[in-house]
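Participant: If you read the sequences in order, they're chains Z and L.
Heads up: the first sequence runs through residues 1 to 81, numbered per my numbering.
Heads up: the second sequence runs through residues 1 to 415, numbered per my numbering.
Worth flagging that the hints you see were computed from the coordinates, not collected in a lab.
Given the structure is predicted, the values throughout are model-derived calculations rather than measurements.
By construction, the Cβ of each residue, glycine as well, lies at the ideal position given by its N, Cα and C atoms.
Heads up, some of the hints might be wrong.
One-sided excerpt, in silico: chain Z residues whose CB lies under 8 angstroms from chain L [stated by the list, open to error]: (1) 12; (2) 34; (3) 37; (4) 38; (5) 39; (6) 40; (7) 42; (8) 43; (9) 45; (10) 46; (11) 56; (12) 63.
Calculated lysine-lysine pairs in the DSS-like style (CA-CA distance at most 30 angstroms, straight line) [said to hold, decoys possible]: (13) 93(L) / 243(L); (14) 411(L) / 248(L); (15) 333(L) / 411(L); (16) 118(L) / 42(L); (17) 366(L) / 19(Z); (18) 388(L) / 213(L); (19) 20(Z) / 119(L); (20) 248(L) / 7(Z); (21) 118(L) / 106(L); (22) 119(L) / 93(L); (23) 20(Z) / 366(L); (24) 313(L) / 243(L); (25) 333(L) / 19(Z); (26) 81(Z) / 93(L); (27) 243(L) / 411(L).
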Amino acid sequence: MQSDTAKRVQEIIVEQFEKKPEDVTVDKSLLDDLELDSLDIFDLICALEDEYGFHFEREMESSINTVGDIITQIEVYLSQK
Amino acid sequence: MIFSLLYIVVAVIVYNYAGTSMAGLALCIMGVSNLSFQLWKKRYSLDALISPLLAVILGLCAFFIPDFIIIKLYPLLISLVFLLFFFYAVITKKYPLIGWVEKFKKRPLSNQETIDIKKSHIFWVIVLGINTLIHLYFVLYGSVNAWALYSFAGWYLYFGIAIIIQLSFVHRETLSRWFRNIWGYGLFVLSIAIAFIFGVSSYYISKILSKPKPHIIFQRIVARMFRFFFRNSPGVKKLSLIKSDAIKNDKPYIYIASHQSWLDYPLMGAYIVDLYHLTNKKKAFAWYLRFTARLLGVIDGIGNQALYILLQKLRNGSNVLIFPEGSRSVDGKIGNFKNGAFALSIKSDIEVVPVLISGTKLLVKKGSLNWLANKNVTIEVQMLPPVKANAKEDVSSFANRVRAMMIASQKNHND
Chain Z
1 MQSDTAKRVQ
11 EIIVEQFEKK
21 PEDVTVDKSL
31 LDDLELDSLD
41 IFDLICALED
51 EYGFHFEREM
61 ESSINTVGDI
71 ITQIEVYLSQ
81 K
Chain L
1 MIFSLLYIVV
11 AVIVYNYAGT
21 SMAGLALCIM
31 GVSNLSFQLW
41 KKRYSLDALI
51 SPLLAVILGL
61 CAFFIPDFII
71 IKLYPLLISL
81 VFLLFFFYAV
91 ITKKYPLIGW
101 VEKFKKRPLS
111 NQETIDIKKS
121 HIFWVIVLGI
131 NTLIHLYFVL
141 YGSVNAWALY
151 SFAGWYLYFG
161 IAIIIQLSFV
171 HRETLSRWFR
181 NIWGYGLFVL
191 SIAIAFIFGV
201 SSYYISKILS
211 KPKPHIIFQR
221 IVARMFRFFF
231 RNSPGVKKLS
241 LIKSDAIKND
251 KPYIYIASHQ
261 SWLDYPLMGA
271 YIVDLYHLTN
281 KKKAFAWYLR
291 FTARLLGVID
301 GIGNQALYIL
311 LQKLRNGSNV
321 LIFPEGSRSV
331 DGKIGNFKNG
341 AFALSIKSDI
351 EVVPVLISGT
361 KLLVKKGSLN
371 WLANKNVTIE
381 VQMLPPVKAN
391 AKEDVSSFAN
401 RVRAMMIASQ
411 KNHND
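Just chain Z, same shape as in the assembly (with noise of 0.2 angstroms):
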């Protein structure tokens, strides 16, 4: 079953990118797949800041090629706040 995390990063993918909610799934690369580009990644971060307050630089270090990689990396986040 999908986490709330989960769910709302898929929402703001969809509405940010127009893309279809089947489309953004924890598999799908976002380079590859959903045909992001870097400047598309740097909106998705700020996006996601403003939603759960992180400071990218400091929570967010690994690389993130996937919807999955965001999630885990969120769900660390909320789980050490």
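Based on the hints, put chain L in the right spot on chain Z.
Facilitator: Then chain L, alone, in the frame of chain Z:
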């Protein structure tokens, strides 16, 4: 036609061994043979019959009146007949070349092709007129060998050149496009090559001397070569930079530029040094490009990693270039902005410099690599005063404010 090539050679050989009468007889025999062949093949057109007919008549005349000048008249008269034929076509506006070309191409000609072919009749009147005069000169003043050489081979060469000129005229747009592309891209490659040779050596000297940021000297040389490239590119009349006085040389900025053509990258590189920018290449550059790309400031990273690197570079005093529209504009209007560049500004507390680029889409536009045929193009880079996000202004509002400012400046400038 190929058979008639032998006329002159055989006539001159027979003349050298047996005199003018026998040369005339040989010419007459060859003419009769050719004429019979053409009639047997049911070819009754002027271009098929004129050559053997003249050979028969002139050969007979030379046989009875042994003067070599009669044989010399043969190519002159053929040229004269064709001159009159084309002259008549121009006067009566009945253009035989249209039918010939359609037969050759096996399709009807387009309107433009028909216009071009009609015009080319005048060209052929001039070509045939000059050819007739050359033949006349050889008849009156040339030796037998000189006459034979021009009549056998010289005029073929002359007509070959004329045909090349004719084809160049008909295909002038294609040729002109090739020429522009070779000029534009050739100059670009040449500029890069020169910049690379001098830039890399200067880079290593800077490194040996332990100068900070040795890539700056490389980018300075590249900038100089890019300005040279733009000033001398096909169609460019003027290259100009309008830079706000508020931009300080000793401060780093995030340059936010409007985007119309791939040429915008080298154009920005022509004016800003110690510059870093993003790439959307998902895989790292090939080894032979990696070194140059790094010196040119291309960030070897994507997504959040690229954001880390750019922040680091800005804090280290370097400049960053971002095209916030994400792709090139087709009509020159500024599209919607992505927020990333503005988030970078807020995070790093570094001002953005809005940059308006104009003219590059008139050289190479989106969707094509062909250099366009525009002339007197002014390439202009307008750097507006630096802007910073206001206190409590969010990223989207900041991005929208800068976009509105750029649209207003673009409008004022155009007015």
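Participant: Going back to the hint list, which numbers does this structure go against?
Facilitator: Numbers 1, 2, 13, 19, 20 and 26, in rising order.
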